[in-house]
Amino acid sequence: MGAVTYPNEKVAKFVSLNFVPVKIETSNTAMMQRFSVSWTPTLLVLDAEGREHYRGVGFFAPEDLIPTLMTAKGRWALDTDQFAEARALLEEVISLHPDMETAAEALFFLGVAKYKMSHDPKNLREAYDELTAKFPTSSWTKQADHYRLISK
Amino acid sequence: MALEICWLDDLAKGQETARKINKPIFLDFFNPK
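Chains as they are written, first to last, in the working numbering: chain A, 57 to 208; chain B, 35 to 67.
These are calculated hints, taken from the structure and not from any lab test.
Bear in mind that the values here come from a model prediction, so they are computed numbers and not experimental data.
For each residue, glycine too, the CB sits at the ideal point set by N, CA and C.
Heads up, a few of these hints could be off.
Interface residues of chain A toward chain B, partial, derived using beta-carbon atoms under 8 angstroms [stated by the list, open to error]: (1) Ala59; (2) Val60; (3) Lys69; (4) Val71; (5) Ser72; (6) Phe75; (7) Ile80; (8) Glu81; (9) Thr82; (10) Ala86; (11) Thr98; (12) His109; (13) Trp132; (14) Val168.
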């Protein structure tokens, strides 16, 4: 990551604009234990209280890291009740990276964000229908399966 | 000059900054070897 992905200018700009970046060496065993990290690279997205909202393990190429972190930021916004920001971020992932696996995750959580804003369960059913159509084999589609019971 | 990520090496400082500017923390565990 340090040799290829982080020096990439688009990644550097995206991370700098959207996150507070913190690097911890694996020799810091207290931090490794605190976050149950056993392998590197491990990438976490946390809120200001140190609560985890996303975890990625393994290498991410520059073109994969940006949409992945955009989805992760959307999940942070959703979990911290910033629903309009979550919706905007997740819609951006789906619009800019429609063929990536992270777009399925974004679609799943976009349904949740819309539901949280409207309290209308049809938003969840719409997310299920779109996931089924666009990502029939994704684990996120399977995880949305129970929404098919919601009437259209 | 190319833009570089300005990493903090202290999570507590990161949390303080995140609280002030309402942004999430991107925490990378790395092996320097």
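Now the hints, each set against the structure:
Given hint, Ala59(A) at the interface with chain B, is violated; its Cβ is 11 angstroms from that chain's nearest Cβ, farther than 8 angstroms. The interface hint given for Val60(A) is violated, since its Cβ lies 13 angstroms from the closest Cβ of chain B, which is over the 8 angstroms cut-off. The criterion of a C-beta within 8 angstroms of any C-beta in chain B is met by Lys69(A), whose closest approach is roughly 6 angstroms, and the hint holds. Checking Val71(A) against chain B: minimum C-beta separation of about 5 angstroms stays under 8 angstroms; hint holds.
Taken as an interface hint, Ser72(A) checks out: its beta carbon lies about 6 angstroms from the nearest beta carbon of chain B, inside 8 angstroms. Contact between Phe75(A) and chain B, as hinted, is supported at the beta carbon level, the nearest pair being about 4 angstroms apart and thus within 8 angstroms. Evaluation of the Ile80(A) hint against chain B yields a held restraint, the C-beta minimum of about 5 angstroms falling below 8 angstroms. Interface restraint check: Glu81(A) against chain B, minimum CB-CB distance 6 angstroms, threshold 8 angstroms, status holds.
Evaluation of the Thr82(A) hint against chain B yields a held restraint, the C-beta minimum of about 5 angstroms falling below 8 angstroms. A cut of 8 angstroms between beta carbons decides the hint on Ala86(A): the least distance to chain B is about 10 angstroms, and the hint is violated. For Thr98(A), the interface hint holds, the least distance from its beta-carbon to any beta-carbon of chain B being 5 angstroms, beneath 8 angstroms. Given the 8 angstroms rule on beta carbons, the hint for His109(A) holds: about 7 angstroms separates it from the nearest Cβ of chain B.
With 8 angstroms as the threshold, the beta carbon of Trp132(A) comes within range of chain B, its nearest partner Cβ sitting at about 4 angstroms, so the hint holds. Hint on Val168(A) is violated. Least Cβ distance to chain B is approximately 17 angstroms, over the 8 angstroms limit.
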